[in-house]
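Undergrad: Chain residues, written in single-letter form:
Protein chains: 2
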Amino acid sequence: MADTGPAFSLAIDAMGGDAAPEVVIDGLELAAERHPGARFLLVGDEARVGGALALRKRAAKVCSLRHAPEVISGDLKPTAALRMRGSSMRIAIDAVAAGEASGIVSAGNTGALMALAKIIIKTMPEIDRPALAAIGPSARGDVVLLDLGANVQCDARNLVEFAIMGDAFARVALGLTMPSIGLLNVGSEELKGDDRVRAAAEILRDSHVGAQFRGFIEGHDITAGTVDVVVTDGFTGNVALKTGEGALKLMRDLLRQVFTSSVPARLGYLLARPALDRLREWMDPRRYNGAILLGLNGVVVKSHGGTDALGFAHAVDVAMDMVTHGYNDRIRDGFDRLASRKRLAPSPS
Amino acid sequence: MADTGPAFSLAIDAMGGDAAPEVVIDGLELAAERHPGARFLLVGDEARVGGALALRKRAAKVCSLRHAPEVISGDLKPTAALRMRGSSMRIAIDAVAAGEASGIVSAGNTGALMALAKIIIKTMPEIDRPALAAIGPSARGDVVLLDLGANVQCDARNLVEFAIMGDAFARVALGLTMPSIGLLNVGSEELKGDDRVRAAAEILRDSHVGAQFRGFIEGHDITAGTVDVVVTDGFTGNVALKTGEGALKLMRDLLRQVFTSSVPARLGYLLARPALDRLREWMDPRRYNGAILLGLNGVVVKSHGGTDALGFAHAVDVAMDMVTHGYNDRIRDGFDRLASRKRLAPSPS
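In the order they appear, the protein sequences are chains A and B. Note that the first sequence covers residues 87 to 435 in my numbering. Note that the second sequence covers residues 87 to 435 in my numbering.
With the rest of the complex left out, here is chain A (with noise of 0.2 Å):
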């Protein structure tokens, strides 16, 4: 495969996060470990980042580095980081666009990344939005969230279209033969949604997902793993996945005073701590870092800015993922799917 494809597996922005260059370095060193074969072209400053890979073996090895004398701030406007043509981010952008690299992943400004992104590497044809994924745990094993805020007015096609391209991620990512889908609706009869989240199920129930099709799902549905993939516009999606997150954080630090608050409880806390400790690691946000852009032509992944190597390094094999498994062509795949049965429908009678 390497002799055919890109230069480069991916191109990573090392000054994108809170503590660039070296936290995505230590990152790429796990990551080296993990994709024997990958190469990643590595921009950023010359000299800093030069420094910091000098002490990372496994990384300098498989890393070949680019200079780029600027770096997009995380308050930075989209406006102007679009102007900025020196940036750590734009320079791994272009060399994705050019076919050096197969994707990107960057710790740095979301918003910035988004623009760029839509606009160098650009939407595939078959898409009319890419959309913002993630990976988050449920009582049923990992599930897929999209759309997470890159699209806040959706309509039913989009919705459509981000279950397709949530069943091509969720194939890749999670490893499902045939994931099942969910659109998230509020849950009674009585209240039954409006007209988009009606149309879009209509759509799908006669697609070739039909079969994955669960139909509507509500809030709890996301956490209880009832579905692999749940699909939803960008605004309540944001929402959605902060309030979760919200809610696992808010029960963490009640436990954290619960054990610390009298004698007996620390005790207790120690006696279970081996199996508490497991249930950390399942829930480590670390595990689910990264946010995956999907519908380019390429593979872009935005890793959290105040995550550490280890999640940086989660963020890389979900790029990983998507590089080795062919995502893109899924993508393709499905679409073209798609298209063929709304050929053969009849039409509505």
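Be careful, since some hints might not be right.
It does not matter which identical chain is used: a pair holds within one copy or between any two.
[Said to hold, decoys possible] Within a straight-line C-alpha distance of at most 20 Å, the following computed DMTMM-like cross-link-like pairs (lysine to aspartate or glutamate) qualify:
1) Lys147 with Asp370
2) Lys204 with Asp214
3) Lys147 with Glu331
4) Lys335 with Glu367
5) Lys335 with Asp370
6) Lys143 with Glu119
7) Lys204 with Asp415
8) Lys147 with Glu119
9) Lys335 with Asp228
10) Lys163 with Asp280
11) Lys335 with Asp363
12) Lys143 with Glu132
13) Lys143 with Asp422
14) Lys208 with Asp422
15) Lys335 with Asp161
16) Lys208 with Asp292
17) Lys204 with Asp180
18) Lys147 with Glu108
If you are wondering where the hints come from, they were derived from the structure by calculation, not from laboratory data. All of these numbers come straight from a predicted model, not from anything done at the bench.
Fit chain B to the given chain A structure using the hints.
TA: Below, chain B alone, put in the same frame as chain A:
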């Protein structure tokens, strides 16, 4: 007060909920102790309710029984419920509309309750659309969230109304003098949200609750307790509430697994148990039972259909708070102030 107001504090639908009428009457047995002086009009099958009531002395003393020959089942469509004139829910609502009681509590069919209440008790003239609200836990105390699904599609005006109603409700139900108010939105600068929330924010900033308005908040702010009143449309609010509940449930289920996973973990649980029990009690969903339909000419509270006597008593608590603290007068006052501010405001330059 008692001699000038309605004969009954609340009309109670004795037949609503999974274990009616027993749970309802057991709940009133608790409520009678908490609200001395309250009088309840208990509506349901005379024989069944009378038999159960005879066993509960405190409840029997403060309840008057009114016969209703029919019961609205949980899966009945609201349109069908509207045609059923002899249901316990309908007769209880009729009593509110006739001025015999200040409000109603029902654990029955949500859609039917909302439809009947809107049509028979009617929306306050100041208000365009009633909203469904609930109280939930946060790191900094209880939080009011609305709308939870009464209005799936909302415009800026609706959101402003929800803020005014939520403000009045937080004063009455949480006992706050200056509740802080936040408008739920997607987070980052770049994804700004839609026109609707921006327009609502502008109106609120300039209104009489301007000093209480904290602007946009994100999903994780709900459980962080960043504000006392979280305002959003019914679609997003419904999903947020259920997603948060789902995340907390996942954590509870996983903790149960942790504490039964080994002998030391079991022992640890026993040692930490008093503190864990306090946490469980604090987060007990029964403490937060009661969804409140705000903006009608009477108090309307929906108890969860599957709750127990303690949960039903909490729903009665919320309704009694609203009745005794003149919730509807406070709303009216809020809208008067909103309207006068509008008249006084200079025309846009």
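Undergrad: Each hint needs a verdict: does it hold in this structure or not?
TA: Comparing the hints with the structure gives:
1. Lys147 with Asp370: Result: close neither inside a copy nor across copies, 29 Å intra and 55 Å inter.
2. Lys204 with Asp214: within (12 Å within a copy, 41 Å between copies)
3. Lys147 with Glu331: For Lys147 and Glu331, the Cα distance exceeds 20 Å both inside one copy (37 Å) and across copies (47 Å).
4. Lys335 with Glu367: So Lys335 and Glu367 pass the 20 Å test inside a copy (14 Å) and across (18 Å) alike.
5. Lys335 with Asp370: Both: 11 Å inside a copy, 17 Å across copies.
6. Lys143 with Glu119: Within one copy only: 11 Å inside a chain, 73 Å across chains, cut-off 20 Å.
7. Lys204 with Asp415: Within one copy only: 18 Å inside, 52 Å across.
8. Lys147 with Glu119: Only inside one copy: Lys147 and Glu119 sit 11 Å apart there, 75 Å across copies, limit 20 Å.
9. Lys335 with Asp228: both (18 Å within a copy, 16 Å between copies)
10. Lys163 with Asp280: between (33 Å within a copy, 18 Å between copies)
11. Lys335 with Asp363: Cα proximity of Lys335 and Asp363: in one copy and across copies (16 Å, 19 Å).
12. Lys143 with Glu132: Intra 17 Å, inter 83 Å, cutoff 20 Å: intra-copy only.
13. Lys143 with Asp422: Cα proximity of Lys143 and Asp422: none, with 44 Å in one copy and 71 Å across.
14. Lys208 with Asp422: The answer is within: 19 Å in one copy meets 20 Å, while 52 Å across copies does not.
15. Lys335 with Asp161: neither (25 Å within a copy, 36 Å between copies)
16. Lys208 with Asp292: Neither: 29 Å inside a chain and 41 Å across chains, both beyond 20 Å.
17. Lys204 with Asp180: Answer is within; shortest intra-copy Cα gap is 12 Å, inter-copy 58 Å.
18. Lys147 with Glu108: Cα proximity of Lys147 and Glu108: one copy only (16 Å, versus 73 Å across).
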